[in-house]
Amino acid sequence: MSTAKPNVPDTPEIERESIEDRLYTVKYSDSGESHLDVKVEGICEEKCTNYECVNACPADVWRAEEGGVPTIAYENCLECGTCRFACPHGNVEWEYPETGNGVSYKFG
Amino acid sequence: MSETPNYDSEYDAIVVGAGLAGSTAALTMARDGLDVIMIERGPSPGTKNVFGGVLYTPRIRELTDFDDAPKERYVAKKTYSMLSEEGDETSMSIAPSSWREEPHNNSWMVLRADFDEWFAEQAVEAGAMLVTETTVTDLIKENGEVVGVETDRPDGELRAPMVVLAEGANSLVSEAAGLKDRDDRDNVAVSVKEVRKYDREKLEDRFHIDGDAGLAAHYFGDGACGDAVGGGFLYTNKRTVSIGVVYSIEDAAHDKKTPDEVLEEFKQHPAVAPLVRGGRMVEYSAHAIPEGGPDSMPELVHDGAVIVGDAAGLVLNSGVHLEGTNMAVESGYHAGRAVADALAQGRTDEAALASYETNLRDSYVVENLEHYGWFMDTAAEEKEFLFDDLPRALGRAGDAYFKMDNTPKDEHVSEAKSHILDATGGWLGAAKKAWKFRKMLS
Ligand SMILES: Cc1cc2nc3c(=O)[nH]c(=O)nc-3n(C[C@H](O)[C@H](O)[C@H](O)COP(=O)(O)OP(=O)(O)OC[C@H]3O[C@@H](n4cnc5c(N)ncnc54)[C@H](O)[C@@H]3O)c2cc1C
Ligand code: SF4
Ligand code: SF4
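Which chain is which? The protein sequence lines are A and B, in order.
This note's numbering puts the first sequence at residues 1 to 108.
This note's numbering puts the second sequence at residues 1001 to 1442.
None of these hints come from the bench; they were simulated from the model.
Treat the hints with caution; some may be incorrect.
Stated by the list, open to error - Subject to a maximum C-alpha distance of 27 Å in a straight line, what follows is the list of computed BS3-like cross-link-like pairs (lysine-lysine):
# : chain 1 : residue 1 : chain 2 : residue 2
1 : B       : Lys1383   : B       : Lys1439
2 : B       : Lys1257   : A       : Lys39
3 : A       : Lys47     : B       : Lys1141
4 : B       : Lys1439   : B       : Lys1078
5 : B       : Lys1077   : B       : Lys1197
6 : B       : Lys1141   : A       : Lys39
7 : A       : Lys47     : B       : Lys1077
8 : B       : Lys1383   : B       : Lys1257
9 : A       : Lys106    : B       : Lys1078
With the hints as extra help, turn the sequences into a complete structure.
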C-alpha cells in the first residue's frame, strides 16, 4: 500500500488524530454486553493468519492476540458492519446492540 | 393463499428502518390511507446513519415542503481531482451558473442526524406511527409468507399484512429471513469520515463560497486512499466540513493500514492539507456502502415483503457519481405505491406487488445501475493503471507541458505525451483503455 507521505514544501502540517481522539468525539450508550463475537474460535486459531477483521475495522474494536483469537472491544464499535463482510471465513457473529444502544451520531 | 394469517395488530404495514427509503415508503403509504408503523433502532431517526454527502432531492421535493428541511448548503461547485502518492494533483472543476438558482440541481449537502429526523417527522405528520430504540431481529413467516416481525422488546412480536425492509447496508433481517445473501466483500465499501468545525467566515473564505453555496470535492488515485479501489471526498456544510475516504472492503481486509489511518494519510496530501487544517474534529463516523451494481440486487419482492434502498443494493458508484439517497427515496416511493395498490385488492402476494419491481426497472434507478454496472469491475481490473499510474502520469505530464526552461514547447509536449503513453502502454494501450472506459462520460 502507500508509502510514507511525500515531503512537499509549503504544505501545512496536519496533526494526526489518534484513534482514541477520534472515538472520543463519538457518543455511545453502552448496552453492557457485546453484540460482536467470533463464531468458532478454532477458525481464527487455525485457518486465519491475516487478521482481516483487525485490518478492516475503523474503530480499533478487533485486536490481534497471541493465541490467534482476536479480542473485541465492542464498546468502540461504530456499527458500520465492515468486519461482517471482511472476515474471509464468515466467522464474525454480528448483531445490533439492543434497544437503541451503541453509537449515536450528532451529525452523521 | 390458503387462509388469512392472524395479523393481531392494527397496522397494514410495518417498515423496518426509518432512514431515507423507510420514511419515504411510510409517507407514501400513510398518504394513501394505510396504517403504517416504522420501527427504528436508533434513539431517533438519523442517529445511526452516516453518508458523505449530497442528498439528491428530485422526488423528496415532490413529496415534502423541502424548503423547511434542515439542510446545509447546495452544491454550487463540484471538483474531481487525481492525486498521486508523490503529491501531484490534477483536477477539473464544474460550476454551472444554473446550479446557483432554485432548485439548485436538486443537490444539497445535509447532515443525516438532522435531516432523517425531519423526514421521518413528515411521515408521522401524514399519519404513520414511529417507534424508536427498537431493533427488528427477524421476520415471522407462515407458509413461506412474511406476516410480521420479531423485535428486541418484551412481547416484541408484531404482525401485519406487509413488511417493508428498509434496513440499509447491513441488512441483517433480510439475510436472517433468507430473502437475500450477504454481499461479497468486493461488492461493499468501508467508509470513514470526520466532521470538522470551523468559524463560518473562515470556512467560506477558504472554499470561496458564500450564502448557501457549497463545494463537493472528489478525489481519486493513490494519493487519496492508497492503491485501493476507492477515493476521498470533502463536502462543505454551513459551519463544518465533512471529509472522508471510501474504499473496497476487499482492499481494506488486505491492507495493514486501518481505515482511520488511510483517512489520516489522505488529509496529509498537499492538495488536501490546506483545506482541512485547523478547526476541530467534532465527530468521527463509519458506514458500509453496497456497491455491487445490478448483479448484486436481491429479489425485491416476496410474499408479504418488499426490500428497498441500500438493503436492496441500490447505490450507484460510477467513479463520477456516488448516488444512493435518490435511489433509496425512489425505491421507497415505488414500493409504497405498490403495497397500497396490492392491499387495496386485499392481496399481499408477490404477483400483486410486482409493480414495485417493474416501476423501479422502468425508472432511472435500475437503468443507471445497469448502465454503469461495468464500472466497479473495470476499476478493479485496471486498479494499478487508474489509481497508481494515471495520477502520477498526469502530474508528470502537467509538469512537462508547462515547463519553463530554454527548450521549445514542442519538446515539452512530446515529453508530456510520453508520460501519458508510458502509463497507458503506448498508443495501442491508450486506445484500448479509452475503449474500456468509454461509457464513463456517456
Ligand atoms: C460515507 C458515505 C457517503 C455517501 N455519500 C453519498 C452521497 O454523497 N450522495 C448520495 O446520494 N448517497 C451517498 N451515500 C449513500 C447513501 O447514504 C445511502 O444510499 C442511503 O443512506 C440509503 O438509505 P436507506 O434508507 O436505504 O438506508 P439507511 O439510510 O442506512 O437507513 C436504514 C435505517 O434502518 C435502521 N435499521 C437498520 N436495521 C434495523 C433493524 N433491524 N431494526 C430497526 N431499524 C433498523 C437504521 O438505523 C437506519 O435508520 C453515501 C454513503 C456513505 C456510507
Ligand atoms: S478475520 Fe475472521 S477468522 Fe480471521 S481472526 Fe478475524 S474473525 Fe477470526
Ligand atoms: S461493525 Fe465496524 S466498527 Fe464495529 S467492529 Fe465491525 S468493523 Fe469495527
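Results of checking the hints against the structure:
no.	hint	result
1	B:Lys1383 x B:Lys1439	17 Å, holds
2	B:Lys1257 x A:Lys39	25 Å, holds
3	A:Lys47 x B:Lys1141	36 Å, violated
4	B:Lys1439 x B:Lys1078	20 Å, holds
5	B:Lys1077 x B:Lys1197	21 Å, holds
6	B:Lys1141 x A:Lys39	26 Å, holds
7	A:Lys47 x B:Lys1077	49 Å, violated
8	B:Lys1383 x B:Lys1257	18 Å, holds
9	A:Lys106 x B:Lys1078	26 Å, holds
Checked against the numbered hints given earlier, the structure breaks hints 3, 7 and satisfies all the rest.
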